[in-house]
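Student: Sequence positions in the sequence shown follow the numbering used here and run 1 to 66.
Keep in mind that the hints are not guaranteed to be accurate.
[Claimed, not checked] Label pairs and their calculated CB-CB ranges:
no.	residue 1	residue 2	range
1	Val59	Gly25	25 to 35 angstroms
2	Tyr61	Phe11	11 to 21 angstroms
3	Gly25	Ala58	30 to 40 angstroms
4	Thr12	Pro35	28 to 38 angstroms
5	Glu36	Leu4	27 to 37 angstroms
6	Glu63	Pro39	10 to 20 angstroms
7	Glu36	Tyr61	23 to 33 angstroms
8	Gly20	Asp41	10 to 20 angstroms
9	Pro34	Thr12	25 to 35 angstroms
10	Arg3	Ala62	11 to 21 angstroms
11	Ala19	Asp41	24 to 34 angstroms
12	Gly31	Ala58	27 to 37 angstroms
13	Phe11	Thr42	27 to 37 angstroms
If you're looking for bench data, these hints aren't it; they were derived computationally from the structure.
For every residue, glycine included, the Cβ atom is placed at its ideal position computed from N, Cα and C.
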Amino acid sequence: MSRLGCVADDFTGATDLGAGLAATGRRAVPGIGPPEWIPADTDAVVVALLETTGAAWAVAYAELRP
């Protein structure tokens, strides 16, 4: 299974997406902002933003990309 990095516009969206991923058998970790560490057996990280402007998406992308 591939590892996923997902960005949601708020915490509700992050938990909804995480629940959907968990329903397919993936282990998803939701959080607000980029995580400081990710458990080794995690399949997906879902990051919630606190605002939905383009600038917030750009910052999240820059912090999450490898």
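Student: Just pull the numbers of the violated hints for me, sorted ascending.
Tutor: 4, 5, 7, 9, 11, 12, 13
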